[in-house]
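Work out the full structure: start from the sequences and follow the hints.
There are 4 protein chains.
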Amino acid sequence: MNEFDTNIPIYLQIMNSIKQHIVAGQLKPGDKLASVREQAEAFSVNPNTVQRAYQELEREGVSETRRGTGSFIAEKANLIPDLAAQMAHEVIRKYIEGMSALGFTDAQIVTEVERALEHSRTAQNSGGTH
Amino acid sequence: MNEFDTNIPIYLQIMNSIKQHIVAGQLKPGDKLASVREQAEAFSVNPNTVQRAYQELEREGVSETRRGTGSFIAEKANLIPDLAAQMAHEVIRKYIEGMSALGFTDAQIVTEVERALEHSRTAQNSGGTH
Amino acid sequence: MNEFDTNIPIYLQIMNSIKQHIVAGQLKPGDKLASVREQAEAFSVNPNTVQRAYQELEREGVSETRRGTGSFIAEKANLIPDLAAQMAHEVIRKYIEGMSALGFTDAQIVTEVERALEHSRTAQNSGGTH
Amino acid sequence: MNEFDTNIPIYLQIMNSIKQHIVAGQLKPGDKLASVREQAEAFSVNPNTVQRAYQELEREGVSETRRGTGSFIAEKANLIPDLAAQMAHEVIRKYIEGMSALGFTDAQIVTEVERALEHSRTAQNSGGTH
DNA sequence: GTGGTCTAGACCACG
DNA sequence: GTGGTCTAGACCACC
Numbered sequence: 128m129n130e131f132d133t134n135i136p137i138y139l140q141i142m143n144s145i146k147q148h149i150v151a152g153q154l155k156p157g158d159k160l161a162s163v164r165e166q167a168e169a170f171s172v173n174p175n176t177v178q179r180a181y182q183e184l185e186r187e188g189v190s191e192t193r194r195g196t197g198s199f200i201a202e203k204a205n206l207i208p209d210l211a212a213q214m215a216h217e218v219i220r221k222y223i224e225g226m227s228a229l230g231f232t233d234a235q236i237v238t239e240v241e242r243a244l245e246h247s248r249t250a251q252n253s254g255g256t257h
Numbered sequence: 128m129n130e131f132d133t134n135i136p137i138y139l140q141i142m143n144s145i146k147q148h149i150v151a152g153q154l155k156p157g158d159k160l161a162s163v164r165e166q167a168e169a170f171s172v173n174p175n176t177v178q179r180a181y182q183e184l185e186r187e188g189v190s191e192t193r194r195g196t197g198s199f200i201a202e203k204a205n206l207i208p209d210l211a212a213q214m215a216h217e218v219i220r221k222y223i224e225g226m227s228a229l230g231f232t233d234a235q236i237v238t239e240v241e242r243a244l245e246h247s248r249t250a251q252n253s254g255g256t257h
Numbered sequence: 128m129n130e131f132d133t134n135i136p137i138y139l140q141i142m143n144s145i146k147q148h149i150v151a152g153q154l155k156p157g158d159k160l161a162s163v164r165e166q167a168e169a170f171s172v173n174p175n176t177v178q179r180a181y182q183e184l185e186r187e188g189v190s191e192t193r194r195g196t197g198s199f200i201a202e203k204a205n206l207i208p209d210l211a212a213q214m215a216h217e218v219i220r221k222y223i224e225g226m227s228a229l230g231f232t233d234a235q236i237v238t239e240v241e242r243a244l245e246h247s248r249t250a251q252n253s254g255g256t257h
Numbered sequence: 128m129n130e131f132d133t134n135i136p137i138y139l140q141i142m143n144s145i146k147q148h149i150v151a152g153q154l155k156p157g158d159k160l161a162s163v164r165e166q167a168e169a170f171s172v173n174p175n176t177v178q179r180a181y182q183e184l185e186r187e188g189v190s191e192t193r194r195g196t197g198s199f200i201a202e203k204a205n206l207i208p209d210l211a212a213q214m215a216h217e218v219i220r221k222y223i224e225g226m227s228a229l230g231f232t233d234a235q236i237v238t239e240v241e242r243a244l245e246h247s248r249t250a251q252n253s254g255g256t257h
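Residue numbers (the working numbering), protein chains in the order written: chain V, 128 to 257; chain F, 128 to 257; chain H, 128 to 257; chain W, 128 to 257.
The hints are simulated quantities; they were obtained by calculation from the structure and are not laboratory data. Take these hints with a grain of salt, some might be off.
What the hints assert, rightly or not - In silico lysine-lysine, DSS-like type, Cα no more than 25 Å apart, as pairs: (1) W:221 to H:221; (2) V:203 to V:155; (3) F:221 to V:221.
Structure (structure tokens):
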């Protein structure tokens, strides 16, 4: 739950996590974000780090902050489809790039992901969430 | 060609690039790596950074440094399949994780990569690698 | 009408606004200040903030609070000329300081304000106060 | 030299100070800014505070930061006239607004600044910088 | 040495 | 309680 990729600024990972929640529909326009302190506790991270993340999100227009009240997902709902497309595109791009660099063919790039999904599905069925 | 992701240590990106070349068969056991200076020039990066990358690769047993002659891909050829599997696994894992977090279903995770590949293929046909 | 400069305590801006009204003669000794709630509503601000402003004004001897009846401009009329001089002096000082730091000469500091006044006058004639 | 206006974030005052230096021609495109640590020392302020200021300046396109090298005034010289106009306009606006609110007429707004300049000039002649 | 990130902990303005 | 700023001091990547 709380393992951050070393080598990547934590505040960026927090931003990303929140964006994912928005895209996945778990956070909707107008929703209140966890308070800086709560979020910091949840992530076992210093409040300043969360603050930085919220600050940047606001600058990107993803959230809005109201003094003494908290941070909220921006009401501009139309921003969300863009966000989704943009983030998905990035994830896919990195995947294809990574696999190509390793010498995989286009066909393999597809079959490998299928295989991996198959694996994890069977693994789940036989028990381990882990 | 020389755009490094800020927010991720450059030396790690260099290491990764070299590993990819090995896995893809563009660098074979015994092959000489570019000299620190050449590599630095090629990447428009400070020599110290390349130095660091080579150092870490050596520590991982991927390369060997021979005083006065340069760095070479380790002769332990059997290490390569492992490396390939390991890197591919990592790339795939990140992809699935990323897409799942964005709310994509398993089926979509496959079809989206197919679509993206289709796109880039048609783009290439009508345009250029570049 | 209700745009407060973030980065500057709102209660200070409220205090200043009231002082300006006094100096400009729109509020006279003995006049009743708007109730905390009214003022808060007018400024779209939390009552606590207005409360704080009134508190500080009282501490400065500008207003007096009579339990159950409200806040009133202090009767010490002689305080007003001082207040006026002091506030004007501050405003002028900041202006000269600001322009000097930007490299304007003394002559320009005068002519620029003249030009700006000229502009806003013509704008008003052709348009509206608003 | 080092008196910051309480009630205004220090990092904003630092940003402003640098912008003023640019506008006044004391800092030119390509010039290196003092290092974070030097600047912090000079202002008797924590390095993080200076860092924040530089960060924001970069975001505004005023400066550019090169890893491990320092921060530099952006090369886009054409940005400077805009900056100058914008900052001057702001200073003038505040002055006129402030004086108007105090009940001064347009004529007085001009004459008062003239009087103040006259004062400081004679003060200088007779000795006290102070 | 230079910037970038993070922590720990403090104080303030605001609701 | 909530966000915003600041300090002190640490570690890291990079030049």
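Check: Within 25 Å, alpha carbon to alpha carbon, are residue 221 of chain F and residue 221 of chain V?
Finding: holds, 9 Å
Margin query: residue 221 of chain W and residue 221 of chain H were given as a pair; does the straight-line alpha-carbon distance stay at or below 25 Å?
Written below: holds, 9 Å
Checklist line | Given hint residue 155 of chain V paired with residue 203 of chain V - CA-CA distance at most 25 Å | finding: The hint holds at about 10 Å.
When each numbered hint is compared with the structure, no violation occurs for any of them.
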